[in-house]
Every structure is written in structure tokens, then in C-alpha cells.
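Order-wise, the sequence lines are chains A and B.
In terms of this note's numbering, the first sequence opens at residue 1 and continues consecutively.
In terms of this note's numbering, the second sequence opens at residue 1 and continues consecutively.
Simulated from the structure, these hints should not be mistaken for lab results.
A few of these clues could be false.
As the list claims (entries may be wrong) - Cβ-to-Cβ under 7 Å is the rule here; a few derived chain B residues that face chain A:
#1 GLY43
#2 ARG71
#3 GLY74
#4 ASP94
#5 ASP181
#6 GLY184
#7 ASN273
#8 THR284
#9 GLY294
Beta carbons are placed, not taken as given, at the ideal position from N, Cα and C, and that holds for glycine.
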Amino acid sequence: MSIHEDRPANGTFRPGLDRRTLLKTLGVGAVGAAGIPLLAACTGGSGPGATPSASTSLTFGSGSSDDVPKAAYKAVTDAFTAKTKIKVTTNVVPHNDFQNKISTYLQGSPDDAFTWFAGYRMQYYAGKGLLAPIDDVWAKVGANYSDAMKKASTGPDGKMYFVPNYNYPWGFFYRKSVWAEKGYAVPTTFDALKTLCAKMKSDGLIPIEFADKDGWPAMGTFDYINMRLNGYQFHMDLTAHKESWDQKKVSDVFDTWKALLPYQNPAALGMTWQDAAINMGRKKSGMYLLGSFVTQQYTDKTILDDIDFFAFPEIAMEGQDAVEAPIDGLLLSKKGGNNQAARDFLAFMGTPEGQDAYAKVDPSNIATAKGADTSTFSPLTKKCAETIANAKSISQFFDRDALPAMANNVMIPALQGFIKDGTVDVKNLESQAKALYAAQ
Amino acid sequence: MTTPTELSEPAAPGSRAGHTAAARPRKPGRVRRLSKRDKVVLGIMVGIPTLVQLAFVWIPTLLSVLLSFTRWNGLALSDIRAAGLANYSYVFTDNPAFWPAVQHNILWLLFLAVIATPLGLLLAVLLDQQIRGSKIYQSIFFVPVMLSLALVGIIWQLFYQKDNGLLNFLLGTAGTPQAVDWFGNSSVNIWAALVAATWRHAGYVMILYLAGLKGVDASLKEAASLDGANATQTFFRIVFPAMAPINIVIVVITIIESLRAFDVVWVINKGTNGLELISALVITYLIGEGQSIGIGSAFAVILLVISLVPITIYLSRTFRKEKF
Chain A
1 MSIHEDRPAN GTFRPGLDRR TLLKTLGVGA VGAAGIPLLA ACTGGSGPGA TPSASTSLTF
61 GSGSSDDVPK AAYKAVTDAF TAKTKIKVTT NVVPHNDFQN KISTYLQGSP DDAFTWFAGY
121 RMQYYAGKGL LAPIDDVWAK VGANYSDAMK KASTGPDGKM YFVPNYNYPW GFFYRKSVWA
181 EKGYAVPTTF DALKTLCAKM KSDGLIPIEF ADKDGWPAMG TFDYINMRLN GYQFHMDLTA
241 HKESWDQKKV SDVFDTWKAL LPYQNPAALG MTWQDAAINM GRKKSGMYLL GSFVTQQYTD
301 KTILDDIDFF AFPEIAMEGQ DAVEAPIDGL LLSKKGGNNQ AARDFLAFMG TPEGQDAYAK
361 VDPSNIATAK GADTSTFSPL TKKCAETIAN AKSISQFFDR DALPAMANNV MIPALQGFIK
421 DGTVDVKNLE SQAKALYAAQ
Chain B
1 MTTPTELSEP AAPGSRAGHT AAARPRKPGR VRRLSKRDKV VLGIMVGIPT LVQLAFVWIP
61 TLLSVLLSFT RWNGLALSDI RAAGLANYSY VFTDNPAFWP AVQHNILWLL FLAVIATPLG
121 LLLAVLLDQQ IRGSKIYQSI FFVPVMLSLA LVGIIWQLFY QKDNGLLNFL LGTAGTPQAV
181 DWFGNSSVNI WAALVAATWR HAGYVMILYL AGLKGVDASL KEAASLDGAN ATQTFFRIVF
241 PAMAPINIVI VVITIIESLR AFDVVWVINK GTNGLELISA LVITYLIGEG QSIGIGSAFA
301 VILLVISLVP ITIYLSRTFR KEKF
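In isolation and in its complexed conformation, chain A is listed as follows:
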């Protein structure tokens, strides 16, 4: 202020002063500008954790940013508030950001409760002490869950950490009308699958629809062949790197897969799963191994009603016992562990009441608690739900069961290379795994 007031008086005498005052103003401005990010950083850090231990409210971090899941979680929090009078403040973050920043999020000031996945991704943070164990919550809601669900919710220390909300199975999806027209039957063994593929190929279809431009969809095929060939436990040990990659069991997986490769869409590396789903919708291909979210691509109800599902055929071990069914649910951050309201919220999510509130808005997934309303399920959803309910063990998909660096940085290029020329260097997979797991 004072500078501007004085300027006219001196300015006429000494033109140089103008330059100086200008410099000074600039300098002050620069200090101010430099201060802004600092201030922003301060508020950013303390914002979400404003009321950590008050038991009449909680904060809830949600990575479910798409419209339908977002509305579905809002229905859950509304139902919870209506029931308990506890206020829930929801912070929705775009899901890719949420996943990519989870480490910094958990170390900073996370929300009390937040959305996450079962599997290694959950166990890893539990092992680092960034999550709060919730055995007391499981004492209340444990009866609502199957043993497979309980296994998937347990941390590395044997304590409970996770409350499952919904899941969705991976398996073969196909158009009933195509199969009826050509007289195909559901294969239950790998040999039957290969015979069926050969028949489809001679009928001019792409037997197995396939897309792997994004890298992750091929993990589903790897997981299933591995589990059917070597068993569920081997798969879990391999993804946790308790088993070496450089062994016959692993190369056998790729050798077995090689028999299917000629039947999978040869253009897979240039396609996304959506492209592939459209192909199957247009009856260009016989079947598609993917998660049940594939049905999201079929907005035409006649096609949607024409979609059916069968589990991955048995190969050598454990029949069709293991199902790949990634579970989404809720976790409690370390800080949220002190907030009884947050524990109550997780317990609510574990009840049929809470899961129904979610499923009413987002019916594309399958509620995990026993007693949740299944009356609105389509026949396909019912079949998916039965498959999961009858499963002896549930895997979470490679990128949830393994170290993320292993899944993203090693497996994706390796699988794409395998799809390209049918070769894979298991020795190199092992040496990469060694380096990456050692850094954790």
C-alpha cells in the first residue's frame, strides 16, 4: 500500500524508483507465489482427517468413481446413517488415481474406512501395519460369510482385515443361440475344450475371443491353467513368490496354454477387452474367457439375455474347485481403527442389509454375504453366484494376488511376448521376480 501512495511524489524526481518499487513488488509477489503451494500442502494434508476419533461420524474414501458404483456406495452410506445416525463423509477419488496413490494415501492421513481388494494387495499393507485389524467386526458378521471369503479376508498375521462387499467370477461366456444352432456342448475337461475349439474353427468362428492390448486380461488364462494344472495352493505360493518361476510346473502351464493359442483371437495384442466383447456379441467368436463384467458391453437386452457362462474345464488337479473371483470390499485404515463408528460401518457392510443397499443400485456384481437378496438376479447372475458359492477356493486374479510390480512390469510384457510367438523365458521371469520381491 505505502509504496503506491508514495510513488507519485518521488516518481517525478527519480524515474529509477519506479523500477525499484516494481522489483520490490515482484519480489513480494514471488514470495507470495512460492508460499501458495506450501499452504495448499498444509490444508491438503489436514483436511480429510479433521475428525478422526469422534464416534458420531467417520470419513470414507472411495475409489469407486464410476457413476453406478458411486451411487451404490452412496446408498450404503445413506442406509447406514439412517440406521445409526452416524454421519459418513465420503471422499470419492478416480479409481486409477486411488489405486496408484494407495501407498502415499495410507501413509498420509487416510480416511477411516476405504474401498479396496482382497488378496496380496490387501495383505501387503496389512503386513506393513497400515491397516487396522477388525476381528471384533468379524465376530459380528463372520457367520454371513463362506470359508473361502473368510480366507480371502485374513491378513498375513492371521487377523481379519477385510469386509467383502461383492465379487464377480471369471469364466467362459458365450452366446446360447450360437451354441444351440451349431450343437455345441459345454466342455468340462481340457481335452473336450480343445475338441470344441477345433470344431468351432472349422465352422469359421474364432473359437476363443481374446484381447490383450492392455496386458492384464491374459492373466486370467494363465491363472486358470495354473490352478487347474498345479492346484490353488501352488498358484498362491507362486504369486507370493514362495515358489520359483524357474521350474517345470510353470513351464508346463505355458506348454498347456500353447495348445489353446491357435484358437484364441490372433489379433489379441491390438484389442481391448471391449473390442473382443463386441466381437462375441456379433457372433464372430465362440466364447470368451473374461470376468462377468463382460456383460456391461451388451446394452442390447436380447444379446444380454443370450449370454451364458461355464467354469474353466478341469485339467489335472482339483477338478473345477478353484474359481477366480476378485472380491471388492472395505478396509479400515490404521487411524480409522480408533473410530468405533468406522468399525460399525464395516460391520454394516458385512450384513445382508448393507449389501442389498449396494446391490439394488449396482446389480452387475454379486453380493458376498449369505442372506443377501438374490430374487432380482438374472439367470446368468444366479449361475455366477452359484459357481462362487460352490467354490472350494477363490483366487483374486493375478494382479491382485501377486506383487503389483511383478504383475504390471514383468507379467504383462512376458504374456504379450508369449501370445506373440509362443515362447516365454521362465528363467528370466524368476530373476526378475527375485529382484522385485526383494525390494518389498
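Since chain A is already given, all that's left is putting chain B on it; use the hints.
Quick look at chain B alone, frame taken from chain A:
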């Protein structure tokens, strides 16, 4: 309030002329041009950028170098463990993507230098003629430079898609088994990406050369034509050498663009399956859930060392010029 009056004190007794005359002869040897306040202001002005530079450039660089010799999961600081050269041996011997990435970066540089940059120059020369609507063409060619990464991705997706893309449609192969898989075929997709990169780079080079061409003295061209030089001779013997400063900037930009080439490839498939680039590897290993900070830092340090070569050459050239 007080400082301005203090400053005006010496000026008060005399007129403007008297002031300057009085000040100069008093201290002939030691010219004090800066008051204490000036020094403080200048100190702040130099100090803040220096601090910003330190905080955002030098300290992170140094930390990257240090972290490249450690194993760290990115969680607690106490989890940092020394790893010696393990990360570098991982990069050089275990990682199957590294050497392809180096080759692709070199290919990128060659392609930009041989195709994209001359194309930009050509556009600039053409648009520098007095064609009607030159400004419109300039804008059109410059638009790609301004577009965001996501948009560029969508635009090229429309061109390159295998079954529904424009390119295969024009080739008449869309929907047939002969359709070229522009993104998925690992021997084709790098060229597809390079064409997309050229699309941006040529516009950038064009704008710089247009500015350069405007700066070339018209009398030079006139003199050349009086001496009987034809258009080609005038350009290559007179105009192009006269743009030497711009040429150096273009060389540096081309090298930098090929080293930091990233966005097109990332949009297509995150730098896998035939599209490996060093910068994409840095991001893969440093950002997101697949974070492995030691290895990512090792990639970053390697990229830094490679970048230092052209930077050093450029800087040494610039400084040498200033000396003479």
C-alpha cells in the same frame, strides 16, 4: 513509508541534473549502484529461483541417483536398504525391455531427424511464401502441438483401429483377416507411433523455422538472386546457413523430443509389446502400484546420463560462443 523518503533524501537539495552530477564524481573508483534494499530484493529474487531449482531439480536428481543404489518399497524411510549395483544389473541383464527400449529411442531420434524435422522445415518454407491463407495452414499444422495427450491418443485410435479404423478402411482391408494390426503387431506399431509423433513434431519445428525465416534479412535473398542464384541455391547456400542459431535449437529440440518420447506410446499400450521406450520404463517402475523405486531410479539415472551428452555439447558450444 519510511524507505522511499530515505531514498529521496540526496535528491531533495538539488534538481534532477544536480543530483546525477553530484553523485558521479564523488566515488570515481567504487560505483555503488545498489542500495542495501536493492541487495535484499535481488537476493530474494535470485535466492527464490535458486531454492526452487534446488528443491525441484537438483535435490530430486541427487536423490534419484542415491535411490538407484537402494531397494525401497516407497513406504517408511526405514525400509530403505542398500542394494549396491543390483538395480543396474537388473536393468542391464534381467529386464528384457531395456535394450529394445534403447534401440527404439535411437530409432525415434533417427526418424525425427531424417523425416519429421525436414518435414517441419519444408512446411515452414512453403508457408513462408506469400500463399493465401498461410495463417490458417500454420494454425492447422500447429494444432497437434497444443493438443493434450489424451486427445492425441483418441485421434490416432480412430485412425489405427484394426476393424473400425480409418486407415484400414481406406486400404480396403477393414474387417478382413488381411487388416493391418497397427497397434498390436509389434513390428508395425513402432512405425505407427512414429508417424503420430511426426505429426506433432513437424508442427513444432515448423513454427520455430517460420520465426527463423522471418528473421532472415530479405536483402540477403535479394543479393543472391541478383547474383543469379536459383531458389534452391538461395535457400541452401544463403537462407539455411543464416538461420544457424535456430538450427542449433532445432537439433537440441529433436534430440530432447526423442529422449523424452513418451505420450503416444503410453496412450497406445503403456510402452509394451514392441513400443518399449526408456521414459516409459521410468514411469512404469516409478509411478503407480507397480512401483519399485530403486529400479525406476536406475532407469531414470541412465536416461539422465544419456541426456547429459547432448546437453553438454549444446552448453559447451553456447558458452564458447559467448567467450569470443
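Here's how the hints hold up against the structure:
1. GLY43: Not OK, violated: B:GLY43 not within 7 Å of chain A, min 9 Å.
2. ARG71: holds (4 Å)
3. GLY74: holds (5 Å)
4. ASP94: holds (5 Å)
5. ASP181: holds (4 Å)
6. GLY184: holds (2 Å)
7. ASN273: holds (4 Å)
8. THR284: holds (5 Å)
9. GLY294: holds (6 Å)
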